[in-house]
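Quick mapping for you: the protein sequence lines, in order, are chains X and V. Under my numbering, the first residue of the first sequence carries the number 297, and numbering increases by one thereafter. Under my numbering, the first residue of the second sequence carries the number 57, and numbering increases by one thereafter.
Bear in mind the hints are in silico, worked out from the structure with no lab data behind them. Warning: the hint list may mix true and false statements.
Chain V is nowhere near these chain X residues, computed Cβ spacing over 10 Å in every case [unchecked claim]:
1. Ala299
2. Phe313
3. Gly422
4. Met432
Listed below are the simulated BS3-like cross-link pairs for lysine-lysine, each with C-alpha atoms no more than 30 Å apart in a straight line [as the list claims (entries may be wrong)]:
5. V:Lys77 with V:Lys110
6. X:Lys312 with V:Lys117
7. X:Lys372 with V:Lys62
In this text the structure is predicted, and so the values were computed from the model without any measurement. Ideal Cβ placement from N, Cα and C applies to all residues, glycine included.
What follows is the residue order along each chain.
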Amino acid sequence: MDAKKILECERKSFNKFINFRLSHQFMAVGIAIASLSIIMMFVRAFAMEGETEWLKLLLKKVLLVGMLIMSLSKDKVEDEMTVSLRAQSYAIAFIVGVIYALVMPYVEFGVSNAVHSGGEAFKDLGDFQILLFMLMIQLMIYHNLKRYR
Amino acid sequence: MENTIKVERAILSLTQDELAKRIGVSRQTINSIEANRYVPSTVLALKLSELFNKPVNDFFKLSIDD
Chain X
297 MDAKKILECE
307 RKSFNKFINF
317 RLSHQFMAVG
327 IAIASLSIIM
337 MFVRAFAMEG
347 ETEWLKLLLK
357 KVLLVGMLIM
367 SLSKDKVEDE
377 MTVSLRAQSY
387 AIAFIVGVIY
397 ALVMPYVEFG
407 VSNAVHSGGE
417 AFKDLGDFQI
427 LLFMLMIQLM
437 IYHNLKRYR
Chain V
57 MENTIKVERA
67 ILSLTQDELA
77 KRIGVSRQTI
87 NSIEANRYVP
97 STVLALKLSE
107 LFNKPVNDFF
117 KLSIDD
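Between the sequences and the hints, there should be enough to build the whole structure, so can you do that?
Structural data, given as structure tokens:
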């Protein structure tokens, strides 16, 4: 196999990777997983007793997986325009997510100290908070871009 | 970019939905192209050209902004 063939093979597999999408049916699966995890979060918070911190962590991950499945699933009619809109939504979600991660800790710190003196100490956002926010923004922006196309 | 897809579609008596199905896109995509909100790819433009049996230049024109 010469260098050209190797390059072509690599290009093909890379394109396959970046064009990867789940079928439309996975949207329902993603919604079900995300909804169930939110319901279970409420159940854990208000109806369960004992040490359930592990469940909270697990449910957070499951919620993110559900939203990721929603984000990766194709539309009923997937065409070049939906691909372009999805790319735009990911770009916007990434930029907004970075700004959120940079600004939000200061906002939280400022508000906390303004409301009661000697409030919370400054702390960075957790991975869950940032990822949830980015996925939410991506899904919302994509939905809105499709509505106004 | 300006286009006369709506006129070409009317000549063939096609609805947006029918045209969309013929070239494998959604009705909303046809609507966006007709309203000049979306510039289609070369592939889509050539599909339209084949369907209308006209060169792409006949129904896509560059505007002053382009």
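Check each numbered hint against the structure and report the violated ones by number, ascending.
Hint 6 is the one this structure does not satisfy, whereas the remaining hints hold.
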